[in-house]
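Protein sequences appear in the order of chains A and B. Using the numbering used here, the letters of the first sequence correspond one by one to residues 17 to 216. Using the numbering used here, the letters of the second sequence correspond one by one to residues 17 to 216.
The hints are simulated quantities; they were obtained by calculation from the structure and are not laboratory data. Be aware that one or more of the hints could be misleading.
Simulated crosslink set (DSS-like; lysine-lysine; CA at most 30 angstroms straight-line) [what the hints assert, rightly or not]: (1) B/Lys209 with A/Lys118; (2) B/Lys216 with A/Lys118; (3) A/Lys57 with A/Lys68; (4) B/Lys68 with B/Lys57; (5) B/Lys57 with A/Lys216.
Listed below, chain by chain, are the residues.
2 protein chains.
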Amino acid sequence: MNLVCLDLEGVLVPEIWIAVAEKTGRPELRRTTRDEPDYDKLMRYRLELLDKHGITLPHIQEVIGSLRPLEGALEFMTWLRARTQVIILSDTFEQFAAPLMKQLGWPTLLCHELIVAPTGRITGYQLRMADQKRRAVEALRGLNYHIVAAGDSHNDLSMLLAANHGILFRPTDAFAAANPTLPVTRDHAALRKEIEKVLK
Amino acid sequence: MNLVCLDLEGVLVPEIWIAVAEKTGRPELRRTTRDEPDYDKLMRYRLELLDKHGITLPHIQEVIGSLRPLEGALEFMTWLRARTQVIILSDTFEQFAAPLMKQLGWPTLLCHELIVAPTGRITGYQLRMADQKRRAVEALRGLNYHIVAAGDSHNDLSMLLAANHGILFRPTDAFAAANPTLPVTRDHAALRKEIEKVLK
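Working from the sequences, and respecting the hints, build out all of it.
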């Protein structure tokens, strides 16, 4: 039986931190896992910046609420969820993802959690577990699922390699070149085609 | 982080086989896991009956397409999916569940698969794995989720006991009496209240 695991940012919705950087006028927040593969290092850097500039959770949620899924993503998800089971694996946080998940019709999302003070100040974050995308794929394979996974960057790699079939979606040229065994797709129509090809 | 696992039939939608029994005028198909805890035995009995009476998958899908979620189930799911992550664990089959999952907005469903001949005759079934509800709860706990599970009958028991919190929904009096540690709820408002109480 099939189950598709999808990365969220860059595949279904925009990169949240880049949007926050743009709307808050803080270009230093543009760094993503594409730039800094060490996720914990990246997060500590981000939270320090937020603190320094007094940017609270309500500010960020306002920005996220103004984002829309990527063009074609909603239609893609509508097709995929009628075709097979889907779980989104993301290194974002429940508090950030909610307004976007609502727009996508609440697919199941496994991710992390922010620690937030009553003032709205983000005091820290709780990674549910290290390398959670890969671990989720392994757990689902352990439940006898045939896993197809799609993602765009460094933090998806172990998930893509742990799946029965991994697919790259809009990777950088360097990332695609470094992982020549993974097929590359550039839009949701191509991703759909590639998924269809490997579903059992 | 929280994740809620729900049984499908009897909690969100009617018992599919009972509906099939009624609409096909075959009362022998009314047997469910409430009557026969051995699921494999029950399924072999059902498939033999279908064969004997020439009832094919398209017939059954027509019946299932005419069913609606239980009263209050859609509102309950809308609330729950905005509140936390949800996965449905059912011993039904993807081919049966689809028309009802569509009405519920395609929540993630882990279940089993029928083997169907090109004629529409159901030739067999493939259990993805034995005791899959419990195994799914254990796998999700292994991913550091705090699991709340709700179900109504025999095939839910190992899932309810493996969860951090198990909740009975409309159990028979005998089943409730046999499992006195599990709180009993009788409608979706009570189930919602019980879930809220134990979410972290």
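Tested hints:
At roughly 22 angstroms between alpha-carbon atoms, B/Lys209 and A/Lys118 fall within 30 angstroms of each other, so this suggested pair holds. Proximity of B/Lys216 to A/Lys118 is assessed by CA-CA distance (about 21 angstroms); at most 30 angstroms being required, the pair is judged to hold. With a C-alpha separation of about 17 angstroms, the suggested pair A/Lys57 and A/Lys68 falls inside the 30 angstroms cut-off, and the hint holds. The hinted pair formed by B/Lys68 and B/Lys57 meets the criterion: a straight-line CA distance of about 17 angstroms does not exceed 30 angstroms.
With a CA separation close to 27 angstroms, the supplied pair B/Lys57 and A/Lys216 stays within the 30 angstroms bound.
The structure fails none of the hints (numbered hints given earlier).
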